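Novice: Sequence:
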Amino acid sequence: MILVEKEVTISTEIITLGQFLKLADVIQSGGMAKWFLSEYEVYINGEQDQRRGRKLAVGDKVEIPEVGVFVVAAE
Numbered sequence: 001m002i003l004v005e006k007e008v009t010i011s012t013e014i015i016t017l018g019q020f021l022k023l024a025d026v027i028q029s030g031g032m033a034k035w036f037l038s039e040y041e042v043y044i045n046g047e048q049d050q051r052r053g054r055k056l057a058v059g060d061k062v063e064i065p066e067v068g069v070f071v072v073a074a075e
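Going by our numbering, the letters in the sequence shown line up with residues 1 to 75, in that order.
Hints are computed from structural coordinates only; laboratory data are not their basis.
Treat the hints loosely; a few may be bogus.
Derived pair list, reagent style DSS-like, types lysine-lysine, alpha-carbon separation capped at 30 Å [stated by the list, open to error]:
1) K34 <-> K22
2) K61 <-> K34
3) K6 <-> K55
4) K6 <-> K34
5) K22 <-> K6
6) K6 <-> K61
7) K55 <-> K22
8) K55 <-> K34
9) K22 <-> K61
DEER-style ranges, computed between Cβ atoms [unchecked claim]:
10) T16 <-> E41: 15 to 23 Å
11) T16 <-> V69: 16 to 24 Å
12) E75 <-> S38: 24 to 32 Å
13) D49 <-> K6: 16 to 24 Å
14) E66 <-> E13: 29 to 37 Å
None of the values given here were measured: they were computed from a predicted structure.
For every residue, glycine included, the Cβ atom is placed at its ideal position computed from N, Cα and C.
The whole structure should be built from the sequences, with the hints applied where relevant.
Specialist: Structure follows, in structure tokens:
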């Protein structure tokens, strides 16, 4: 299965991974972030990371196998 990159626009310079997952409609609420990150492999720019407080900036790529590939974009 080929996953298409989806751009997710943020209105600030940085966003946390937990906030980003909610904005990208991967999770329904910010409270689900901790559970989601413990259950799924998440890669930021090719490196696995499970910290919901991980800071993301414009241009960062978030890859979640079998869920999607998301790119942080500026407004």
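Novice: If a hint holds in the structure, say so; if it does not, say that too.
Specialist: To see whether the hints hold, each was checked on the structure:
no.	hint	in the structure
1	K34 <-> K22	12 Å, holds
2	K61 <-> K34	19 Å, holds
3	K6 <-> K55	19 Å, holds
4	K6 <-> K34	22 Å, holds
5	K22 <-> K6	14 Å, holds
6	K6 <-> K61	10 Å, holds
7	K55 <-> K22	14 Å, holds
8	K55 <-> K34	15 Å, holds
9	K22 <-> K61	15 Å, holds
10	T16 <-> E41: 15 to 23 Å	18 Å, holds
11	T16 <-> V69: 16 to 24 Å	19 Å, holds
12	E75 <-> S38: 24 to 32 Å	31 Å, holds
13	D49 <-> K6: 16 to 24 Å	19 Å, holds
14	E66 <-> E13: 29 to 37 Å	30 Å, holds
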